[in-house]
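Enquirer: Here's the letter readout for the chains.
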Amino acid sequence: MKRRQFLQILGVGSGTLLLGANATGCLGVTPHNIEDIFEQKGIFEPNVFLSIHEDGQIVLAMNKSEMGQGVMMSSVTLAAEELEVSRSQIEAVQVHKSAFGLQMTGGSTSMASIFIPIRKAAATAREMLRMAAAEKWGVPLASCIAKEGAIHHSDGRHPLSYAELSAMAVQQPVPKDPPLKSSKDFRLIGTPGQRVDALDKSTGRAVFGTDVQIDNKVCAYILRSPVMGGQAVNISFEPALKEPGVLDVVSYERGVAILANKFWQAKRAAKLVEVEWGEGQVEGFNTSDLATAARAKTMEKGDFTIKEIGNTEKVLKSDAVTSVELNYAYPYLSHAPMEPQNCTALVDGEYVKIWVPTQSPTVCLGFIENRLGIPPENIEIEMTLLGGGFGRRSCVDFVQDAIQIARKRPGVPIQVQWTREEDMSLGYYRPQGACRMVGGLDDTGKIVSVHSHLVSQLLFPDIGEQFGGLFPKVIPEKMRRKIAYAATGYLSNTSLMGFIEGGDIATCKYSFPNFRYDFSPIHINVPVTAWRSVAHSYSTFIMETFIDHLALEGGQDPLSVRKQLLSEHPRYLSVLDAVVEHSQWGEPIEKGWGRGIAVSEFARSIVAQVVEAGIVDDEIVVRHVTCVVDCGLVINPDVVKAQMEGAIIYGLSMMREKIEFVDGVVQQRNFDSFPALRMHQTPTIDAIILSSENDPTGIGEICLPPVNAAVSNALYASTGIRLTTMPLQDAWVNRPLQSTEEVSL
Amino acid sequence: MITLKVNGKEHQVNMPEDVPLLWAIREEIGLTGTKFGCGKSLCGACTVHIDGQARRSCVTPVGMVSNREVTTIEGIVEDDGTPHMIQQIWAEENVAQCGYCQSGQIMSALALIVHQKGEVTDTDIDAVMSANLCRCGTYPRIRRAIQRTAVWMQSQLETSDET
Numbered sequence: 001m002k003r004r005q006f007l008q009i010l011g012v013g014s015g016t017l018l019l020g021a022n023a024t025g026c027l028g029v030t031p032h033n034i035e036d037i038f039e040q041k042g043i044f045e046p047n048v049f050l051s052i053h054e055d056g057q058i059v060l061a062m063n064k065s066e067m068g069q070g071v072m073m074s075s076v077t078l079a080a081e082e083l084e085v086s087r088s089q090i091e092a093v094q095v096h097k098s099a100f101g102l103q104m105t106g107g108s109t110s111m112a113s114i115f116i117p118i119r120k121a122a123a124t125a126r127e128m129l130r131m132a133a134a135e136k137w138g139v140p141l142a143s144c145i146a147k148e149g150a151i152h153h154s155d156g157r158h159p160l161s162y163a164e165l166s167a168m169a170v171q172q173p174v175p176k177d178p179p180l181k182s183s184k185d186f187r188l189i190g191t192p193g194q195r196v197d198a199l200d201k202s203t204g205r206a207v208f209g210t211d212v213q214i215d216n217k218v219c220a221y222i223l224r225s226p227v228m229g230g231q232a233v234n235i236s237f238e239p240a241l242k243e244p245g246v247l248d249v250v251s252y253e254r255g256v257a258i259l260a261n262k263f264w265q266a267k268r269a270a271k272l273v274e275v276e277w278g279e280g281q282v283e284g285f286n287t288s289d290l291a292t293a294a295r296a297k298t299m300e301k302g303d304f305t306i307k308e309i310g311n312t313e314k315v316l317k318s319d320a321v322t323s324v325e326l327n328y329a330y331p332y333l334s335h336a337p338m339e340p341q342n343c344t345a346l347v348d349g350e351y352v353k354i355w356v357p358t359q360s361p362t363v364c365l366g367f368i369e370n371r372l373g374i375p376p377e378n379i380e381i382e383m384t385l386l387g388g389g390f391g392r393r394s395c396v397d398f399v400q401d402a403i404q405i406a407r408k409r410p411g412v413p414i415q416v417q418w419t420r421e422e423d424m425s426l427g428y429y430r431p432q433g434a435c436r437m438v439g440g441l442d443d444t445g446k447i448v449s450v451h452s453h454l455v456s457q458l459l460f461p462d463i464g465e466q467f468g469g470l471f472p473k474v475i476p477e478k479m480r481r482k483i484a485y486a487a488t489g490y491l492s493n494t495s496l497m498g499f500i501e502g503g504d505i506a507t508c509k510y511s512f513p514n515f516r517y518d519f520s521p522i523h524i525n526v527p528v529t530a531w532r533s534v535a536h537s538y539s540t541f542i543m544e545t546f547i548d549h550l551a552l553e554g555g556q557d558p559l560s561v562r563k564q565l566l567s568e569h570p571r572y573l574s575v576l577d578a579v580v581e582h583s584q585w586g587e588p589i590e591k592g593w594g595r596g597i598a599v600s601e602f603a604r605s606i607v608a609q610v611v612e613a614g615i616v617d618d619e620i621v622v623r624h625v626t627c628v629v630d631c632g633l634v635i636n637p638d639v640v641k642a643q644m645e646g647a648i649i650y651g652l653s654m655m656r657e658k659i660e661f662v663d664g665v666v667q668q669r670n671f672d673s674f675p676a677l678r679m680h681q682t683p684t685i686d687a688i689i690l691s692s693e694n695d696p697t698g699i700g701e702i703c704l705p706p707v708n709a710a711v712s713n714a715l716y717a718s719t720g721i722r723l724t725t726m727p728l729q730d731a732w733v734n735r736p737l738q739s740t741e742e743v744s745l
Numbered sequence: 746m747i748t749l750k751v752n753g754k755e756h757q758v759n760m761p762e763d764v765p766l767l768w769a770i771r772e773e774i775g776l777t778g779t780k781f782g783c784g785k786s787l788c789g790a791c792t793v794h795i796d797g798q799a800r801r802s803c804v805t806p807v808g809m810v811s812n813r814e815v816t817t818i819e820g821i822v823e824d825d826g827t828p829h830m831i832q833q834i835w836a837e838e839n840v841a842q843c844g845y846c847q848s849g850q851i852m853s854a855l856a857l858i859v860h861q862k863g864e865v866t867d868t869d870i871d872a873v874m875s876a877n878l879c880r881c882g883t884y885p886r887i888r889r890a891i892q893r894t895a896v897w898m899q900s901q902l903e904t905s906d907e908t
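Just so you know, the sequences run in chain order A and B. The first sequence begins at 1 in this note's numbering and counts up by one. The second sequence begins at 746 in this note's numbering and counts up by one.
Treat the hints as calculated values from the structure; they're not laboratory data. Misleading hints may appear alongside valid ones.
[Unchecked claim] Straight-line alpha carbon distances no greater than 30 angstroms define the calculated BS3-like cross-link-like pairs of lysine-lysine that follow:
| id | chain 1 | residue 1 | chain 2 | residue 2 |
| --- | --- | --- | --- | --- |
| 1 | A | Lys297 | A | Lys307 |
| 2 | B | Lys862 | A | Lys271 |
| 3 | B | Lys754 | B | Lys785 |
| 4 | A | Lys217 | B | Lys754 |
| 5 | A | Lys408 | A | Lys217 |
| 6 | A | Lys563 | A | Lys317 |
| 7 | A | Lys217 | A | Lys353 |
| 8 | B | Lys862 | A | Lys242 |
| 9 | A | Lys408 | A | Lys97 |
| 10 | A | Lys147 | A | Lys136 |
| 11 | B | Lys785 | A | Lys217 |
| 12 | A | Lys307 | A | Lys446 |
| 13 | A | Lys317 | A | Lys446 |
| 14 | A | Lys217 | B | Lys750 |
| 15 | B | Lys862 | B | Lys750 |
Small disclaimer: the values here were computed from a predicted structure and weren't measured.
When you get a sec, could you build the whole thing from the sequences and use the hints?
Expert: Shown next as structure tokens:
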């Protein structure tokens, strides 16, 4: 069923059982009362709408974005479980509805936030169908059993299908607290199955933003300033207008757009357009200068002390304590989803419609409202599948392109398609930064102190502007900040600058007797945002290599030290024990290879990994990863395993990826210079899920953070060289020659 | 006018010969299963078959394929709409995550399996499939799906040998 039909069905109502549920159980949450929910629950929880209509079609309106993480499969599984239907009987559609309140997919929060609401919505439907059958048959409700898409009577009479009952079900009172199935009765939850989107994505039928077909659409190819943010000061484009299909060349805030009937025509004609660019936002900027400055700053006193336990300075002054220091650095990174950014927009007077692959239609809505001054009720957002997200599609710069260009051609849908070069060189990025770690070991080799000084760009310096601009105005500034933090997986300490940037350092669970985390912000006009696992992508690398290093410097076993310092955290201990059990940790390994271990927490899930790595022909080779997660109760085990594999591979790509600026210009512009991991570099992966009865927690990002730390630890075991700079491959090639190397190799 | 034969059907496209085939497929013929990923033959999202061989349509001039058989992801589906066995196996193995690169992955994989008559080694998979990027990290499942499809291909060839 197409979305248009779906919306009509929602509107018609008669004969259609239309239900909603949300975090508080009331219908129709508007942005005006989001804050209430947020305050009560501490985290925004979504709504779902289910409709069952006369032909038996069940439609689940998703409030989450499907970007590969499998939320469509999981949403359908939850609804099918409580409705007592098969997954194939439910069609899931991604829709933007103001009744959903905030729609944002990120921070590995989806399962935790929809686990109860979707099941409640489906259970409500199920109960009303049972009530309808009881009325029709004139029998007690208790004798009506929902099973296989129909209501059965205990006396074995012919069952009534949901299609037959939907009209009567509409008339039933809405149960206040419909019973949810007990976990022992789950048919689908916890059982592997084929993803509901698997066949469409194997046959080319899946529709992404770039595939949107609209009558009379005009395609835009955009020329950009070599230094991001530069605007055109002079354009000559007459020859381009003579090219076939070319309609116009328009200059706007973010570039010069060539408009044509087809994208290939626009791109081809662009060669005939000459542009003189004004100054960009990072004119003259060099990442190498930033690296030097950040490193120097780590040696100084931190601007802010974010966390302090005991007194690290005092401890280090003691004669009995040996100080161990490591200096870390990490680069800007592009998300580089396989589908380059794109958006289609129609601006017609006081009406705007966009077709967009986005992690947050709410952010898109707020942005359009703020930018064009158009009320939200006149803005329509049609969501497509996302060809990867990783945080990048929580930004709205591609929406900005589309609406600003579309505004110049009222009534015409404008499809903006970025090239890979634009996608990689225009931002947003995972920030670059540096960190100095100083540890203290007592005379027995015990860790008595850890002091961290992180120097980094702020991830969300101004939620109003930076996170796109962008939430609807009715959401107060305070709320916007909370939402942004919630979306990135942290809820506590939202007021502390540097907390989110600190990631695993800020949330460190190791019971160091003395611990201090200092933070110094970098202020620079490079657009940055959340990148898969946010600050954990570097902070876990830092923390998990440093503790390894300290343990070994103190003559102790890195695993035992971790377990001692995490003795108060049973979930950590369980994943560590399990990863040892499932890997060959501690067993002999052939010369040239080593094993490294790391553990981390993100989005309330815990992960431990053992990696086998070595150096072959001066290249880092990772040959095997054993990965254990505790992510609470599992909805779809195979979806979870896919996320484990995917996050490990995305993480291993970091061994070679970097974004560098030279004189303001981004150097990496395509996959030749931004070498994402490929098939032949991919290790074998054992993905193990610990069984748990706890509510589901995050899985989309958790397996990324530890992997580079485990690789670095494995390489230290095999070579005696400690790599503390990312990308690790560069660090290996540029390693200072040490005497230990000769000994180890 | 260039005459293109795509998925067994002839199309007339009005475009200069040096325009990449990808855009003829997507914009002129309207088959959107073939994807634009890099434009430089670096990611493989645009992979199609030209006379049975896997080729990157983003760097193949449309003028070069005028008398050749072009097959896209849509073209390997049976006439009655039944997906090709490789597509069914891809679905059963839950290979796709975001799915954007998978048309290209499948076309590269199918060309490999057919060329090798189902005798596909891990080294073959590494060598051929390293040309296709996937940011979601579906490589372990792609490998498994190729191995399964290769076994199926062998059984098909054995059956046809017997008959």
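Enquirer: Taking the earlier hints as the rules, which of them does this structure contradict?
Expert: 2, 8
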